[in-house]
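There are 2 protein chains.
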Amino acid sequence: MNAEIITVGTELLLGQILDTNSVYIGKTLAEAGIDLFYKTSVGDNVPRLKSAIEAACARAEIVIITGGLGPTVDDITREAIAEVTGKALVLDASLLKQIKSFFEKRNLLMTESNQVQAYLPEGAGIIENKNGTAPGFIMAHSGNTIIAMPGVPHEMHAMMENSVMPYLYEKMGGTVFSIKSKTLHIGGMSESAVNNKIEDLFINSKNPSIGILAHWTHIDLRLTVKTDSQKNADKVLNELKEKIYERLGGNIFGEDEETIELAVSKLLMAKHLTLSTAESCTAGLLSYKLTNMAGASGFFMGGVSVYSNEIKTSILGVNEKVISEFGAVSAETAGEMATKCREKFKTDIGVAITGIAGPEGGTQSKPVGLVYVALDIKGKVQFFENRFGTGREIVRSRAAQVALFKLYTALKNS
Amino acid sequence: MNAEIITVGTELLLGQILDTNSVYIGKTLAEAGIDLFYKTSVGDNVPRLKSAIEAACARAEIVIITGGLGPTVDDITREAIAEVTGKALVLDASLLKQIKSFFEKRNLLMTESNQVQAYLPEGAGIIENKNGTAPGFIMAHSGNTIIAMPGVPHEMHAMMENSVMPYLYEKMGGTVFSIKSKTLHIGGMSESAVNNKIEDLFINSKNPSIGILAHWTHIDLRLTVKTDSQKNADKVLNELKEKIYERLGGNIFGEDEETIELAVSKLLMAKHLTLSTAESCTAGLLSYKLTNMAGASGFFMGGVSVYSNEIKTSILGVNEKVISEFGAVSAETAGEMATKCREKFKTDIGVAITGIAGPEGGTQSKPVGLVYVALDIKGKVQFFENRFGTGREIVRSRAAQVALFKLYTALKNS
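Going down the list, the protein sequences come from chains X and R.
Counting in our numbering, the first sequence runs from 1 upward without gaps.
Counting in our numbering, the second sequence runs from 1001 upward without gaps.
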């Protein structure tokens, strides 16, 4: 089976937004072994969208369109599909009811323009949108299947997962080729250090292949295999994965969707440990990340953002003398912050971050990017000095990531 | 003048990488006033790339292709263009010399496969690549201009800037059209409510045109104008902007790069007010956002993440009776949190958020997505009840955004 993607929106052509939708759809189709030969972006223009749909229908069985299903006049996908398929747009009463109830549940006023979202080309099957007002739809058209979904990413993702992929799997029946990937997340190493450790695997491994991707905060290795069975895919991926673990195991903190905060959460819950945070330059980023997962209340008690020195003392009880002797950005102050926070919040662990995020505020001996992380685990304090370069956002996100990675390592080895 | 972009690479179709190249090129063309009606991504396959190039040539004067110029067997752009244009691939001796010197300068071994990069379709003009081994080229083909560049972003950017854009500007001759955009950020309204207020402008305003884009947290209106002078562009954009301000002024919190946290920061600094935060479900997101800008220490003193009820009482001093009578997620508790935090941190303003981020924890009367925001501005307390739907990340980001928007509105009107 083969497919094409059309993403709709003038903002895509003007370079105003990144097209993440076609990345998600492309990946999802690849995992199902559905071939994708082209993807096209087109602006909010009916004739041009029509001709893109016609060209796609001439080449591919399945045409997946995202965007242009909103309530405003520049949302033209319904109209273009109706014209291509020669169907009228008709009001679907059940859909109108759903949209009305969506607004009622949220105490919002439904406007007249939202009514257009209840019109669909005659004969189209509705794809329910549980997260928004724009429904999607599936319709047959002379041997092709046209699938339309809204461009809002989380709405589209849910519709792909719950409706479109089950529909396509059923349509395919029998044997399915499969492309499968596994991503390993690596902390505490540079891209070239990772590369040096596994260069031979990189060069010699073709299927599965290895891709390396450097983020601000960590390194990803992506292993990709194509086989005709799910079982075999898992087997060869696992063999390569094991080889990489032998070399980099201590630095791999997670796989696929597993973030560093999730890895830390699991360890905290398994060990029945509680945690609190004291943050200066990151001002809440660490506590925000630690509570990204449902169930965080099982281990996270709370935290403080102590932005000024006065607050470090008055709210957290950090010893003024430590700050005046060593400075607010010092291993000593970080340690005091971790300990006082652990005591105040009555937790097993206190994690502290203090540093200079910049762009101003650095000195020769304490430059922008200098960040101290301290862990107090049941009274045992560890410090870590880091130099993260420049860029306020980069320094802050690296600081939170390193605090989590150091905590992960400490918990794993304890 | 109009153009199309073709990006080449199977990894683009498999969803393994984001296509940032076409975003860069689209933006650069838009700024030069060159229309872009389509962009297409195609895999490493000669017949399919050929047909994409042919389709683009039939629609647009300029066809810009990136990717597929590397030294390996899956780099097929040279071959596809040679076939479309009916030209042979010929070795360019000067190019071979350049490639050799690139390797020598870096003390790297030039492999045989790099030689293929010195072959170009007969009659093509070379675009020098100072940052890599893959040269680009420009060639005429029955009324069209085909431009090929490598897919490595920084190599392509330099070639666009130094060679391709000067070439296109010269080709356009005399008057250069310019596309200019302005984005207005709107809080506290749904997409359809915004649409209703300005539907006539939407429909009647063609140049500048209006685009609407809904985010999780706010709505953007993007005004785009195409004119033959920079001065005129600013004038007509401003005229339309004024009309929109007349209708939506109270909800517009910023333009272009101005985020809600930046707008709030400016007001706090102008009014010499200090701020502290008390967060339950957002657990630090609000304080993190408030400190995104350098200089935040001028107004932000600190904050607490009070995740458990016990901590709300022990750390912040929230009255236990208020929590037990009204619940942790209530206007009353939010108000207590704002006031206690203002007192503890000795600030002019305390901002509090308490809510149910989900996915678990909701009840019929207090469902997931219910969030209370409270502001205590010098002792005067305001509450806001919100129902944000589901999705933990969505609820949390909307909660922080609404707190900032309510604070913005309160500060602006005070």
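Bear in mind the hints are in silico, worked out from the structure with no lab data behind them.
Glycine included, every Cβ here is placed at the ideal spot set by N, Cα and C.
Some hints could be false.
[As the list claims (entries may be wrong)] What follows is a set of in silico ranges between Cβ atoms, one per label pair, in the way DEER data are often shown:
# : chain 1 : residue 1 : chain 2 : residue 2 : range
1 : R       : 1320      : X       : 112       : 30 to 38 Å
2 : R       : 1061      : X       : 91        : 21 to 29 Å
3 : X       : 360       : R       : 1245      : 32 to 40 Å
4 : X       : 232       : R       : 1201      : 39 to 47 Å
5 : X       : 239       : R       : 1074      : 36 to 44 Å
6 : X       : 211       : R       : 1115      : 46 to 54 Å
[What the hints assert, rightly or not] Here are the simulated lysine-lysine pairs, PhoX-like style, with alpha carbons at most 25 Å apart:
# : chain 1 : residue 1 : chain 2 : residue 2
7 : X       : 346       : R       : 1321
8 : R       : 1197      : X       : 344
9 : R       : 1197      : X       : 100
Inset, instruction - Run the structure past the numbered hints and jot down the numbers of the failing ones, going up. - result: 1, 2, 4, 5, 6 and 8
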